[in-house]
Amino acid sequence: MQNKKILSAHERKMIVDTFEDTITFYEIFMEKKNIPKIQIQMKPYWKGWEKLWQSDSPEKVKGGAMANLFGFRVMLRGNRNKEGLPETREELRKEFYKWIDSTKINSANCPPELKNMLFDFHEVLEGRGEEFAKRQIEESDKELAKWSPEKWQEEMAKGLGTIYENVEKLNDEEKNFEGKNWNEINLASKFNGNAEKGKQTFKQIIQGKSEPSKEQVSEKEKSNVNHPEKQAQNSNFSTSDKEFPWKIVLLISLPIILAIATITIIMRKRKVAGK
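In this text, residue positions in the sequence shown follow this note's numbering: the first is 7, and each later residue adds one.
Don't read these hints as lab results, they were simulated from the structure.
For each residue, glycine too, the CB sits at the ideal point set by N, CA and C.
Just so you know, not all the hints are guaranteed correct.
Said to hold, decoys possible - Derived CB-CB ranges, DEER-like:
1. Leu176 to Lys140: 23 to 31 Å
2. Glu96 to Asn198: 17 to 25 Å
3. Tyr51 to Glu119: 18 to 26 Å
4. Glu149 to Gln60: 18 to 26 Å
5. Lys157 to Glu119: 27 to 35 Å
Claimed, not checked - Derived BS3-like pairs (lysine-lysine); straight-line CA-CA distance at most 25 Å:
6. Lys57 to Lys175
7. Lys66 to Lys152
8. Lys181 to Lys66
9. Lys49 to Lys196
10. Lys19 to Lys209
11. Lys43 to Lys152
12. Lys140 to Lys209
13. Lys10 to Lys88
14. Lys39 to Lys110
15. Lys175 to Lys39
16. Lys43 to Lys110
17. Lys175 to Lys53
18. Lys196 to Lys186
19. Lys49 to Lys203
20. Lys38 to Lys110
21. Lys19 to Lys49
22. Lys88 to Lys11
23. Lys209 to Lys57
24. Lys39 to Lys19
25. Lys148 to Lys196
26. Lys57 to Lys164
27. Lys157 to Lys66
28. Lys88 to Lys157
29. Lys175 to Lys196
30. Lys57 to Lys38
31. Lys164 to Lys148
32. Lys19 to Lys148
33. Lys57 to Lys43
34. Lys203 to Lys100
35. Lys19 to Lys186
Taking the hints into account, I'd like the entire structure generated from these sequences.
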């Protein structure tokens with residue numbers, strides 16, 4: 007029997023980076039929606055904040071958040087059988103709750119649209135998110151059907167060039183972590199909230215959740231939020247690997263999704279090489 011593969015330090019860093027990028031887009035969305043009494047956490051760490059704030063609509067920012075979340079799910083699924091992934095997921099689950107507490111978002115000031123987004127984030131952290139993934143693919147299919155052949159050619163040309171640049175960049179970054187496993191690096195928390203308080207706040211937000219039919223929470227999903235002991239048995243990552251967000255990559259903003267594509271290329275390259 008083969009030894010179980012171990013999550014590398016670089017893989018862990020890419021997972022954490024994508025988690026934080028997703029949170030950044032959530033926060034920009036929150037600012038764009040003028041949600042009262044929130045406290046933004048990621049602005050000091052993200053150089054492109056002002057540019058994105060000035061140029062993009064709330065809808066496009068939300069699209070970026072959902073695309074990052076989709077890629078985050080792909081990364082978790084791609085490493086699901088590796089030693090170190092459960093510990094990394096538990097670390098990020100706590101970070102998610104600390105972030106909830108830090109931002110001061112709660113059941114009183116959280117609009118339904120953001121509640122849905124928070125619920126999807128939590129589902130992905132717990133190893134689920136099948137309905138979220140299905141919804142993203144369906145929505146991207148509808149939008150991409152409107153693209154002309156010229157639009158496809160233009161976006162593919164830009165996309166392939168950016169992917170190549172990002173692959174080279176990540177290959178260089180990987181050298182700094184060469185030979186190190188997931189537990190050999192320290193990644194500082196960016197949130198000073200209380201995880202237990204954030205967890206209770208999240209539950210209160212979800213229990214007051216109201217949304218359209220496509221995003222309606224099933225009784226099983228509500229049970230997963232309120233009974234963590236049931237989460238492990240439901241976390242089977244059952245959706246097909248064909249979910250990889252190539253279509254969403256082209257749909258939303260190339261800089262966001264091409265980073266996801268780059269990460270996946272590297273992961274697949276390692277798999278082919280037998281690492």
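Against the structure, the hints:
{"no.": "1", "hint": "Leu176 to Lys140: 23 to 31 Å", "in the structure": "29 Å, holds"}
{"no.": "2", "hint": "Glu96 to Asn198: 17 to 25 Å", "in the structure": "19 Å, holds"}
{"no.": "3", "hint": "Tyr51 to Glu119: 18 to 26 Å", "in the structure": "25 Å, holds"}
{"no.": "4", "hint": "Glu149 to Gln60: 18 to 26 Å", "in the structure": "24 Å, holds"}
{"no.": "5", "hint": "Lys157 to Glu119: 27 to 35 Å", "in the structure": "28 Å, holds"}
{"no.": "6", "hint": "Lys57 to Lys175", "in the structure": "22 Å, holds"}
{"no.": "7", "hint": "Lys66 to Lys152", "in the structure": "17 Å, holds"}
{"no.": "8", "hint": "Lys181 to Lys66", "in the structure": "34 Å, violated"}
{"no.": "9", "hint": "Lys49 to Lys196", "in the structure": "11 Å, holds"}
{"no.": "10", "hint": "Lys19 to Lys209", "in the structure": "28 Å, violated"}
{"no.": "11", "hint": "Lys43 to Lys152", "in the structure": "39 Å, violated"}
{"no.": "12", "hint": "Lys140 to Lys209", "in the structure": "24 Å, holds"}
{"no.": "13", "hint": "Lys10 to Lys88", "in the structure": "6 Å, holds"}
{"no.": "14", "hint": "Lys39 to Lys110", "in the structure": "15 Å, holds"}
{"no.": "15", "hint": "Lys175 to Lys39", "in the structure": "34 Å, violated"}
{"no.": "16", "hint": "Lys43 to Lys110", "in the structure": "7 Å, holds"}
{"no.": "17", "hint": "Lys175 to Lys53", "in the structure": "18 Å, holds"}
{"no.": "18", "hint": "Lys196 to Lys186", "in the structure": "23 Å, holds"}
{"no.": "19", "hint": "Lys49 to Lys203", "in the structure": "23 Å, holds"}
{"no.": "20", "hint": "Lys38 to Lys110", "in the structure": "16 Å, holds"}
{"no.": "21", "hint": "Lys19 to Lys49", "in the structure": "20 Å, holds"}
{"no.": "22", "hint": "Lys88 to Lys11", "in the structure": "5 Å, holds"}
{"no.": "23", "hint": "Lys209 to Lys57", "in the structure": "33 Å, violated"}
{"no.": "24", "hint": "Lys39 to Lys19", "in the structure": "30 Å, violated"}
{"no.": "25", "hint": "Lys148 to Lys196", "in the structure": "37 Å, violated"}
{"no.": "26", "hint": "Lys57 to Lys164", "in the structure": "20 Å, holds"}
{"no.": "27", "hint": "Lys157 to Lys66", "in the structure": "18 Å, holds"}
{"no.": "28", "hint": "Lys88 to Lys157", "in the structure": "39 Å, violated"}
{"no.": "29", "hint": "Lys175 to Lys196", "in the structure": "24 Å, holds"}
{"no.": "30", "hint": "Lys57 to Lys38", "in the structure": "13 Å, holds"}
{"no.": "31", "hint": "Lys164 to Lys148", "in the structure": "22 Å, holds"}
{"no.": "32", "hint": "Lys19 to Lys148", "in the structure": "34 Å, violated"}
{"no.": "33", "hint": "Lys57 to Lys43", "in the structure": "23 Å, holds"}
{"no.": "34", "hint": "Lys203 to Lys100", "in the structure": "11 Å, holds"}
{"no.": "35", "hint": "Lys19 to Lys186", "in the structure": "11 Å, holds"}
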